[in-house]
Amino acid sequence: MVADISTGLIAIGSGLAIGLSAIAAAMAESTIGAAAVGAMAEKEELFGKGLLLTVIPETLVIFGLVIAILILNLAKVS
Amino acid sequence: MLRPYQMHSVIITGPNNIQETVIKEIHNLKILHIVEHSKNELADIGRPLENAGRLSETLVKIRALIAALSIKKEEVKFELKKSLLEIESATKKLNQEASINLDELRKVEEQITKTQTAKQELEILKDIDVPLESFTSYKTLAYFTGYIKDKTSISYLKEELLEITEKFMLFDSISKKKPFIAIFIDAKNKEQANSILQKIGFSPINFSNIGNLKGNASGNLKKLEEEAKKLQQKKEFIKKNLERLSMEYKGFLIAADEFLDEQLEKAEAPLKFASTQSSFLIKGWIPTEELSKSIERLNKASKNRIFIHFELPKKEDKVPVKLRNPRYAKAFEFFIDLYSMPTYKEIDPTFFVFLTFPIFFGIMLGDIGYGIASFVIFWIFKKKIPKAKNFLNILLLASFVSILFGLLYGEFFGEEKILGYELWHLLSRMHDMFTLLYIAIGIGVVHVNIGLIIGFVNELKSHGVMKAIYEKASWFVLQIGVALLALSYFDKIDVSPLIGAVFLGLSVLMLLKGEGIKGLIELPSIFTNIMSYARLMAIGLSSVVLAVIVNDSAKEFFHKGGFFILIGVLILVIGHVINIALGLLGSFLHSLRLHYVEFFSKFFHGGAKKYKPFGLRE
Chain R
1 MVADISTGLI
11 AIGSGLAIGL
21 SAIAAAMAES
31 TIGAAAVGAM
41 AEKEELFGKG
51 LLLTVIPETL
61 VIFGLVIAIL
71 ILNLAKVS
Chain Y
1 MLRPYQMHSV
11 IITGPNNIQE
21 TVIKEIHNLK
31 ILHIVEHSKN
41 ELADIGRPLE
51 NAGRLSETLV
61 KIRALIAALS
71 IKKEEVKFEL
81 KKSLLEIESA
91 TKKLNQEASI
101 NLDELRKVEE
111 QITKTQTAKQ
121 ELEILKDIDV
131 PLESFTSYKT
141 LAYFTGYIKD
151 KTSISYLKEE
161 LLEITEKFML
171 FDSISKKKPF
181 IAIFIDAKNK
191 EQANSILQKI
201 GFSPINFSNI
211 GNLKGNASGN
221 LKKLEEEAKK
231 LQQKKEFIKK
241 NLERLSMEYK
251 GFLIAADEFL
261 DEQLEKAEAP
271 LKFASTQSSF
281 LIKGWIPTEE
291 LSKSIERLNK
301 ASKNRIFIHF
311 ELPKKEDKVP
321 VKLRNPRYAK
331 AFEFFIDLYS
341 MPTYKEIDPT
351 FFVFLTFPIF
361 FGIMLGDIGY
371 GIASFVIFWI
381 FKKKIPKAKN
391 FLNILLLASF
401 VSILFGLLYG
411 EFFGEEKILG
421 YELWHLLSRM
431 HDMFTLLYIA
441 IGIGVVHVNI
451 GLIIGFVNEL
461 KSHGVMKAIY
471 EKASWFVLQI
481 GVALLALSYF
491 DKIDVSPLIG
501 AVFLGLSVLM
511 LLKGEGIKGL
521 IELPSIFTNI
531 MSYARLMAIG
541 LSSVVLAVIV
551 NDSAKEFFHK
561 GGFFILIGVL
571 ILVIGHVINI
581 ALGLLGSFLH
591 SLRLHYVEFF
601 SKFFHGGAKK
611 YKPFGLRE
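From first to last, the protein sequence lines are chains R and Y.
Quick note: the numbering used here has the first sequence finishing at residue 78, numbered continuously throughout.
Quick note: the numbering used here has the second sequence finishing at residue 618, numbered continuously throughout.
Keep in mind that the hints are not guaranteed to be accurate.
Stated by the list, open to error - In silico DSSO-like links for lysine-lysine, alpha-carbon gap of 27 Å or less:
| no. | chain 1 | residue 1 | chain 2 | residue 2 |
| --- | --- | --- | --- | --- |
| 1 | Y | K345 | R | K49 |
| 2 | Y | K72 | Y | K345 |
| 3 | Y | K389 | R | K43 |
| 4 | Y | K518 | R | K49 |
| 5 | R | K49 | Y | K609 |
| 6 | R | K43 | Y | K612 |
| 7 | Y | K610 | R | K49 |
| 8 | Y | K417 | R | K76 |
| 9 | Y | K250 | R | K49 |
| 10 | Y | K384 | R | K49 |
| 11 | Y | K158 | Y | K177 |
Unchecked claim - Just some of the chain Y residues that point at chain R, by a computed CB distance under 7 Å:
| no. | residue |
| --- | --- |
| 12 | P179 |
| 13 | L355 |
| 14 | S532 |
What the hints assert, rightly or not - Computed footprint of chain Y on chain R, listed as stretches where at least three residues anywhere in the stretch have a Cβ under 8 Å from a Cβ of chain Y:
| no. | stretch |
| --- | --- |
| 15 | 50-56 |
| 16 | 62-68 |
No lab work stands behind these hints: they were computed from the structure.
None of these values were measured; they are calculated from a predicted model.
Note that beta-carbon positions come from the ideal geometry of N, C-alpha and C, so glycine has one too.
Next up, chain Y with everything else stripped away, as it sits in the complex (with noise of 0.2 Å):
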């Protein structure tokens, strides 16, 4: 708690003959934090086990074959044969397979999409009749295809090129609603029909799919769509083959993929050392209450033929963190590590979100009906994504505690009333809102002050006392000052205002000594911080203005009767759906807000890394 877990920088080295060994013993320890080795004078990076490059490439080859098959990652249970060998005489031979399959399929979907294009041509030319073969390049003769705007137009069209020649042929239908014409003309007069066309507003078509074609468009027509028939039971064929390949082989394929990225990590683990021409060196760090026991494994694994050297970290040390918390605190490590893990000697506030989240989300939703229902929202999504599990354990914890706010607010979805009984409440949100509004910024004064707190007990640790008051305590003394002139003003208290003004500017000579200018600019966020704890009354307060306007509206279709029951049930359900979810979205949001923004910018630096232990799996 408070603190994350302590470590012990690790080094390791040995002769080359026996890297291997060490490797398979940190994997299966699942214990060591590996720092990457960057290239330097002294000494190179390692250079990757023998097999890495066959490891590589079967394994591309088989997550391009679990793409290919769209095969989705699984739990499965596959008894996989563990030689890499096996692995890839086995993934070659599906891989013919497979490719045979699918080209097939590419070819076959190519050609349907040819002949569908060939048949929306036709499907233009059905009408007119002209043989398919006449559209065709010729050096006499120049055709026009394509629909006008108008049906009327075509006499006009007639006329105007009689006027030019007689040596001309025009056909017309209507395809897709709209008039369709195609004009064989004489090869000299095209400029002249193209400038006739463009007046009444002719648009080209080009029919580019039919060249090879002959005879009658309607004719051809139907062989086409035998045709695609036939090429779409192959298709069907295809897929169902495809189908069949990913059922087979599912299980091999997400088994060995597993396999061959774990034993991938390890070939490519020397990457990460540092390495002479007979020797390794890996640095790391280990948790201190694993340390003896994991140094005593590798020592037994490498029949003692490494050393290891450990100490505790220095204060330059870029430590990585492993967060300490209690089993019920655990959850919550989920927004610390959503935001940046904090440095290794800073206080972890896991343990605070803990405590205070979960208020603020009942305080905002605050509900019974409300909690209730989230509640079993949330227990279905735990048993249905049980990835999920710890965050689902926040907003189990967070309806629960907004199921005890709705029994202090005596709310029932938004009632405060049921059955003409009243329920009880200590507070009502509609009517006291304005005792609600000081509660809230009372909480934020306490919430912000206890950030405080635990900057000022960062800074005394890793800056020393001077720079921890200056930083930190200038906040308080900031706030009586201000909270003195305040109450001296209005004449709470018998105190006159200087002392206040005293505070106040003693409180910014500590800030500019201890920020700079920084802290000058800095003074009023404090105020808006605390302030900002408003959101705990206003966005509860929405919440139930929404939920009694749901009721009201509701309760007048009530009271028609009828038909009008129904109307008013249907209000009921999507208003009130409607409203939880925005209730746990906005609940949701501003108490981690209030956490981020508020609380962490009193304290928090964070960017360190996190543990990750090399062999462990997420």
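Only chain R is shown next, with the shape it has when bound in the complex (with noise of 0.2 Å):
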């Protein structure tokens, strides 16, 4: 498959988009799991509230989703 540098360009856009929030959701989830983990060992009923609160950041991960589908689609139509 032959496709020029601007499809290049475009797939790498829409790959750090993806990938940077993945890294910033990355770096938020591992501090929270951390201490919902401390939390857990001193109260175990916890483990709802904390495996719930883990995943709040995960909203960026899909933030950066959508806009790397959008740009995906922003070339197609281009």
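With the hints in hand, could you dock these two chains into one complex?
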């Protein structure tokens, strides 16, 4: 498959959108996750809340994914 | 629905001599949520009943036995003689028998570890021809035992030692694939020998566990092995004894634990009461619909010698909450319980969660195959773990809705075609992702606004109409303003952008009045909240894409034929199992999160105590 450079740049752009947002979410989740496990060690009933709080930053990746799809789609249109 | 059970505040007073009767009756009723009295100048807390000390002592013994005999708690059928005296004596007897065995077991285990370490030390010395009694302390003689790094350095060691003195003996052997040496040398030359040994990487070993052994190592080794065997047999024997004990007394112990726990709860109940020298007072809550029946029974049990006062809760009362929901929505109270109990005056969101949770879950998982698979899994779980019934009922409903959405999407394990025949679909997730994105955001707008409406009603009830308008209705104005601005900016409607700006400004002023600076800071949150519903599309899409990848890579192997078909099947199975697990976890957590974070934040206060009647077991 031969593709010109603009296609490649678009792919990189959308890849960055999701990749960077995933890194951001991972950084946030690692802190929350560690704290949640610590809390669970003290009080096991906190499992539900801990799990839930841990996934809260996942919104970031979802925004990233939406932007990535938007970029790919814009490329298709142009 | 929407409101918890109505409660009445109840105060029961009576003379001390009927306290026990009243406690018994309350315990049987399982209806009174007792509010603990805290000591003040008017009244102290009550004293536990007479037998509380004995009860707790026996209970501790029984629990220790349960732990020591490693008995698992389960349902047992056992005819327990319900008298404390008999339980006490039976426990005492059992305790003696068990502790003899347990002590013996501990001793034997200690001996076993001792022989094991001695055996390890003997293994090292096995190939060195020195009697074991030589390894003691001397006045004029020093010895070194240990490993060296390299076998070739032994000759170097000999030469170096000869330079210091002729009075030494050197033994060497290979033990555990490492060269081992033992040197006996004149005590005067100890320091010098030590420095030589340092040079060739000597790491010393102490033989502290064979001090009382005599003769050569291999003979002793055999003896020790025999001894270890005997000890092992002894250990097995004791273990069998303990096992027999635990089998025999399992029923008794579990039943007694349960019985005594209940008795102790009753005996310690006065600690929650207020008491004077000759009377007691119990404060608590009873659901209104049970009130008259409970009062009647209490009066009858105490022969009308108690006084019961009851009234509706006052504004500042902290009322315990018992959620009231129709049977089909009851399972979803689990989610509310997990988060926080709504206060007595708030709207209970269980019913809304019941309506939207399975739908959100279905939109995200949305696959006929995955839906059926998870339905079957949860069905099996439900049969195996009856305790988690509520939770699994939620998941079963959610899986069912996933199947329905799978039919709408026309997806079966990620495939849109089966055997060349295309499944009917209303909307394909792979191809119409933007349509789905808009639908997801639309759902977000509706859901968040429902939350705001509930918040409005809550505020209206608790703080009046003005506060409700400033705090909650302002968000509606804000949304209208932003929508008008956006539409007029993109020339979708023929209105001046000024009108949108006016709405926007108005909403900001209202928020500032309603919530202060905090409201302004939170201004953008409503839009990120709505955008957050994009996950309804995103989670589903990622799950579909993964499924398609699994299917495509399996298909490649199928085309190759022969042995590769087996690999293809393996890829299909493993891939879909992982994807189902990820999909379930993701759909569940994100659906729940949309409720907790995006929905509840619009109206929920929570923090109330759960209604827990005295005597009711979980």
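Right, here's what the structure says about each hint:
1. K345(Y) x K49(R): holds, 24 Å
2. K72(Y) x K345(Y): violated, 43 Å
3. K389(Y) x K43(R): Answer holds: K389(Y) to K43(R) is near 23 Å, not above 27 Å.
4. K518(Y) x K49(R): holds, 25 Å
5. K49(R) x K609(Y): Since the Cα atoms of K49(R) and K609(Y) sit roughly 18 Å apart, the hinted pair holds (cutoff 27 Å).
6. K43(R) x K612(Y): Given that 27 Å is the threshold and the Cα spacing comes to 20 Å, the pair holds.
7. K610(Y) x K49(R): Status holds; Cα separation ~17 Å.
8. K417(Y) x K76(R): Holds, because 26 Å separates the two Cα atoms, which is no more than 27 Å.
9. K250(Y) x K49(R): Measuring from Cα to Cα gives roughly 36 Å; hence the hint is violated.
10. K384(Y) x K49(R): holds, 25 Å
11. K158(Y) x K177(Y): holds, 21 Å
12. P179: Since chain R brings no Cβ nearer than about 46 Å to P179(Y), farther than 7 Å, the hint is violated.
13. L355: This interface hint is violated because 20 Å lies over the 7 Å limit.
14. S532: Holds. Min distance 5 Å.
15. 50-56: holds (count 4)
16. 62-68: holds (count 4)
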